[in-house]
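*Asks:* Sequence:
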Amino acid sequence: MTVSKFSHLFRTTLVVATLSLLVACSEKAETLKLSVTQFGSATEAAFDSYGVVYDAQFKPFAKSASAKRGEFVANMTDFTGKVSASNIDILIDPDAAKIDPGVARKWQETLSDLRNQYQQFVAIFDTIEAGSALGASAVTQSGPILEKLRGQLASITGKFTQSPPQFLTKRGTLIAKLNDIRNDQNDDQGAKTLRYEMWWQDWQSLVAAEQQMQTETLRKFVSANTLGNRLQNQIDNYARLDVASLLSAVEQGISLAGQIDKMSPQDLITQGTAAAQTATN
3 MTVSKFSHLF RTTLVVATLS LLVACSEKAE TLKLSVTQFG SATEAAFDSY
53 GVVYDAQFKP FAKSASAKRG EFVANMTDFT GKVSASNIDI LIDPDAAKID
103 PGVARKWQET LSDLRNQYQQ FVAIFDTIEA GSALGASAVT QSGPILEKLR
153 GQLASITGKF TQSPPQFLTK RGTLIAKLND IRNDQNDDQG AKTLRYEMWW
203 QDWQSLVAAE QQMQTETLRK FVSANTLGNR LQNQIDNYAR LDVASLLSAV
253 EQGISLAGQI DKMSPQDLIT QGTAAAQTAT N
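Residue 3 is where the sequence shown starts when you use my numbering, and the numbers rise one by one after that.
Derived from the structure by calculation, the hints contain no laboratory data.
One or more hints might be untrue.
[Said to hold, decoys possible] The calculated EDC-like cross-link candidates involving lysine to aspartate or glutamate, where the alpha carbons are at most 20 angstroms apart (straight line), are:
(1) K65 / D91
(2) K179 / D102
(3) K161 / E46
(4) K161 / D95
(5) K35 / E149
(6) K264 / E253
(7) K84 / D95
(8) K61 / D97
(9) K161 / D91
(10) K70 / D91
(11) K61 / D91
(12) K35 / D244
(13) K194 / D204
(14) K61 / D102
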């Protein structure tokens, strides 16, 4: 074999080997992206739910148009002051809590900033050139970013577990109603007892709906934390993992999400508390 033929064979072999390696790297990076997408979707769902829960704190009980009209007429009949821009909203709907616009704006900005941080992390993997030598390096460099985001997510989960949002406005409405029952001198004891029993049922229904809301939001945060932890392990060990291992991790992530969906409220609280302890260590 001449030197020229040997050189050509060597170059051909090298090209084939390089292409095979690039294909393998590309497939590996694309498989990792599946886990990244799982984590991104889970965090997005958690923040969506958090936003709904926050707003629910200040929502009054739903009323029909006729009920609202009748309540306004009654309020105006009893009102002896002067109607102004500062009290007209209360006269129209006394159950609706008026949130300070500055506080509401700050909350929306905070939630938006949280979303952006996790979306930007996911976007890192959209810009990685999977088949290049820099791809593995970019994956490795994303590790510390994810670690910081996981710590933040664990802290939010812990705080939510310790002090979950409540239906503040609806609670206030029922408490006011209970005071009205107590102070009503027109009821005999039987009528008052019946009204107390009806109020108790309303309160139990409210608390049950409140707990359901809290549980489902916590479930989403626990899922996001769990997937984030697993993703961290994949990124930290990326160089040693093959496509089959990464694909298995994706399948396990799907299975874990299903298991979390079946967790009891108490199990979720335990998980949320554990996340808080992890964040502070």
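*Asks:* Each of the hints needs a verdict: does it hold here or not?
*Replies:* So, going through the hints one by one against the coordinates:
Of the supplied pair hints, the one linking K65 and D91 holds, its CA atoms being roughly 16 angstroms apart against a limit of 20 angstroms. A distance of roughly 25 angstroms separates the Cα atoms of K179 and D102; the hinted pair therefore is violated under the 20 angstroms criterion. The hinted pair formed by K161 and E46 meets the criterion: a straight-line CA distance of about 18 angstroms does not exceed 20 angstroms. For the given pair, K161 sits about 32 angstroms from D95 by alpha-carbon distance, which is inconsistent with the 20 angstroms threshold.
With a CA separation close to 17 angstroms, the supplied pair K35 and E149 stays within the 20 angstroms bound. For the given pair, K264 sits about 17 angstroms from E253 by alpha-carbon distance, which is consistent with the 20 angstroms threshold. With a CA separation close to 17 angstroms, the supplied pair K84 and D95 stays within the 20 angstroms bound. With a C-alpha separation of about 9 angstroms, the suggested pairing of K61 with D97 holds against the 20 angstroms cut-off.
For the hint linking K161 to D91, the alpha-carbon distance of about 33 angstroms lies beyond 20 angstroms, and the restraint is violated. Between K70 and D91 the alpha-carbon distance is near 12 angstroms, which keeps this suggested pair within the 20 angstroms criterion. Distance hint between K61 and D91 is fulfilled; the C-alpha atoms sit about 15 angstroms from each other, no more than 20 angstroms. As the CA atoms of K35 and D244 are separated by approximately 14 angstroms, the hinted pair is consistent with the 20 angstroms bound.
Distance restraint check for K194 and D204: the Cα-Cα separation of roughly 15 angstroms lies within the 20 angstroms cut-off, and the hinted pair is therefore satisfied. About 14 angstroms separates the Cα atoms of K61 and D102, which keeps this hinted pair within 20 angstroms; it holds.
When each numbered hint is compared with the structure, violations occur for hints 2, 4, 9.
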